[in-house]
Amino acid sequence: MARVRRPGTRWWVGAVGLMGLCVAAEVQPAYSQQSVSVRAALVKGALPTDDPTAAAWATAAVSEFPMSPQVHWPVRITEVTAKSVKVRGLHDGTNVAILLEYSDPSEDPEDAAALEFMVGDTKAHFAHGQPMAQVQGGPVNIWYWKNKDSKGVDMGAKGFGTLKPHAHQDVTAKGVFQDGVWKVVFSRPLHTEYLEEDTQFKPGEFASIAFAIWDGKKTDSGQPKEKGSEKAISSWWYFRADAPPDYSPYMYAVLAVALALGFELVLVRRLKKGS
Amino acid sequence: MGGVLVRPIILTVLIYLFLKFIVPILPHSAPLPSSLIFLYLMLTTAGIVIFETLSGASKDAFFGPIFRFLTGESGGALSSARYLVLALFPLLVGWQTYGSTASSDAPPAENRTIHPAPPGEYTGLSNPVPKTPDNIMYGKGLYASRCSPCHGNFDGKGFAATGFTPPPANFKDPTTIAMLQESYLFWRIKRGGVGLPVEGMPWKSAMPRWELELSDEDIWKVIMGEYDGAGQKPRTWDESE
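Chains as they are written, first to last, in this note's numbering: chain D, 1 to 275; chain A, 1 to 241.
In short, the hints are calculated from the structure, not lab data.
The structure displayed is predicted, hence computed values, not measured ones.
For every residue, glycine included, the Cβ atom is placed at its ideal position computed from N, Cα and C.
Errors might be hidden in some of the hints.
[Said to hold, decoys possible] Here are a few chain D residues that face chain A, going by a calculated C-beta distance under 7 Å: (1) P69; (2) V257; (3) R269.
[As the list claims (entries may be wrong)] Okay, derived cross-link-like pairs now, DSBU-like style, lysine-lysine, Cα gap no bigger than 35 Å in a straight line: (4) K131/A to K83/D; (5) K131/A to K123/D; (6) K225/D to K157/A.
Let the hints inform the model, and build the full structure from the sequences given.
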């Protein structure tokens with residue numbers, strides 16, 4: 001049976017279709033292909049602060065960041081082992097744990113990794129908080145781990161040559177090497193009393209984070225392949241510890257739907273009365 | 001609904017498509033943010049409503065089909081569309097409300113100025129080094145050893161570029177060195193990323209401060225090598241006037 005089209009109805013089908021395409025074009029994917037931030041989910045129970053292989057890490061969202069050879073300042077390096085690093089985070093409202101995972105063909109005593117954060121609201125250059133010409137910069141807080149030391153070191157810097165451990169030490173770290181992969185977990189309380197030296201994590205707010213990795217494999221000269229400024233680095237990315245669940249947006253949305261429905265009812269009734 | 005609404009709807013959609021897909025591909029243009037597109041569409045809608053309601057007759061002709069649609073007097077297939085619109089409108093309002101009140105997973109927006117204004121002392125400087133093949137070749141050699149790890153073959157794709165954000169500049173892109181004067185490059189190379197003003201977000205830049213390792217003369221030669229290698233010419237005072 002031949003379909004009969006009502007004259008004058010075809011145009012709006014096309015218009016609705018076009019508008020649908022427009023709306024679809026506006027919808028952005030929730031996450032871009034390349035990670036820009038690390039998300040530490042809020043969990044109940046004990047954090048796996050001393051176990052990089054704990055099952056709890058499988059539930060944490062993973063972000064991956066590319067690493068570059070450090071070519072920003074002397075001594076430079078042109079080839080590094082770590083090409084990228086996978087990062088996961090968890091927190092329990094009191095402590096935060098951050099897991100780094102990266103490939104390394106061999107386990108060596110000098111293998112090392114570090115996290116870097118800005119301190120407070122003052123911007124700091126990702127290269128050890130070096131001075132900036134037109135911006136008053138702040139210090140950086142560095143959490144450092146070396147395989148042979150088997151512990152975390154809480155450090156600070158504000159410019160090249162100023163890197164040193166803090167008098168207080170509140171960072172823990174543990175690394176496990178399995179099948180050519182290092183898994184290193186760093187942990188610290190979200191808040192500390194050292195506001196001028198330590199980064200402070202406010203759940204729900206973004207902080208800046210950067211990464212550094214050293215392959216400590218010894219070369220023919222007897223020196224580690226990567227040491228000091230010769231390392232794999234990233235510039236600043238973002239880190240956020242999730243805030244506790246907030247259901248108020250759902251309540252506001254339901255209220256808005258009810259108001260919009262009420263507006264429609266009143267409008268249609270008024271129009272019908274008017275006509 | 002009457003045909004009087006066809007033209008405004010088509011006009012609005014066409015303007016949206018132009019802003020969304022045509023404007024970004026125009027020379028020296030960039031994708032418009034959604035908020036700006038929304039603002040333009042609101043202005044378009046307001047203009048259409050004003051135009052269509054200039055007289056009593058045109059006002060009735062414009063609003064009549066809308067009112068008949070909303071009250072269900074249009075009949076036919078439009079009745080289904082009416083229920084669809086009446087159901088979708090509250091849902092859209094709820095969705096927008098949720099979106100504007102829920103915390104976002106997206107990091108804070110960064111309005112970084114790619115080419116911020118240089119300090120006064122770096123404005124209008126002329127390259128004092130003669131543009132000879134030897135000097136260009138020397139500059140290219142310095143570029144190969146100092147700059148290519150990040151900037152690559154003048155395309156911003158060096159082996160060390162991957163970990164840095166913002167990424168190193170692509171000199172073959174017509175929106176980089178081709179629209180800058182040599183004095184601007186001299187400032188950027190000499191003072192490096194840490195020399196940028198706050199709008200350039202110096203804390204994120206991996207550009208070294210080459211004044212610590214290269215003489216001014218060598219920097220000028222690097223600039224010549226860059227332009228030659230990228231197949232670009234510096235913007236001159238004559239062109240900018």
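Query raised in the report: Within 35 Å, alpha carbon to alpha carbon, are K225/D and K157/A?
Result: holds, 25 Å
**Report entry** R269/D as chain A interface residue, shortest Cβ-Cβ below 7 Å
**Finding:** violated, 9 Å
Query raised in the report: For the pair supplied as a hint, K131/A and K123/D, is the alpha-carbon distance within the 35 Å limit?
Result: Violated, at roughly 40 Å.
Report task. With a cut-off of 35 Å on the C-alpha distance, tell me whether K131/A and K83/D pass. Result -> violated, 40 Å
Query - V257/D as an interface hint toward chain A, with CB separation required under 7 Å - result: Since the shortest Cβ distance to chain A is 4 Å, the answer is holds.
**Report entry** Interface hint for P69/D, Cβ within 7 Å of any Cβ on chain A
**Finding:** With a closest approach of 5 Å, the P69/D hint holds.
Of the numbered hints listed earlier, those contradicted by the structure are 3, 4 and 5.
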